[in-house]
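All chains, full assembly: derive it from the sequences and hints.
For the record, in the sequence shown the residue sitting at position 84 is 311 according to this note's numbering, with numbers rising by one throughout.
Derived by calculation from the structure, the hints in this document are not laboratory data.
One thing to keep in mind: the hints can contain errors.
Simulated restraints on C-beta separations [stated by the list, open to error]:
no., residue 1, residue 2, range
1, L318, R281, 48 to 56 Å
2, W307, V285, 23 to 31 Å
3, R242, R281, 53 to 61 Å
4, G265, A292, 35 to 43 Å
All figures in this text were calculated on a predicted structure; none of them were measured in a lab.
Every residue, glycine too, gets a C-beta built ideally from N, C-alpha and C.
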Amino acid sequence: MTMDQVPSNRSQLDRIESGIKELNERMARIEERQHSQGAKLEAHESHLSDHSQRLREVELRNAVAEATGSHQHRQLSGRWAALGAIGMLLLGGLLTVLSKLGAALIGGY
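Written out as structure tokens, the structure is:
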């Protein structure tokens with residue numbers, strides 16, 4: 228082997244330093260991406276927490292409205308049903324009277 232064929236220590240050090248520099252640059256880019264993704268994740272967690280709080284409030288209002296509204300709805304439905312039944316009885320009675328009156332008038336001619 229001649230001196231030209233033996234790699235110099237300096238060229239090996241240059242390659243090692245170049246490799247280390249490339250690794251450092253890659254690590255810096257990875258750290259930047261992690262930082263960016265971490266910031267996005269924190270923003271998403273904040274939005275999720277906000278939505279979770281809103282959902283809890285809506286569920287609570289819905290539960291309260293359902294508990295109070297269903298009782299009132301049952302009362303109102305019962306009242307309207309009773310009024311409807313009375314109305315049907317009155318209408319039936321009125322129609323009966325009118326039909327008898329009509330039959331008496333027609334039968335009298």
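Evaluation of the provided hints:
no. : hint                    : verdict
1   : L318 - R281: 48 to 56 Å : holds, 50 Å
2   : W307 - V285: 23 to 31 Å : holds, 29 Å
3   : R242 - R281: 53 to 61 Å : holds, 58 Å
4   : G265 - A292: 35 to 43 Å : holds, 41 Å
In summary, this structure violates none of the numbered hints.
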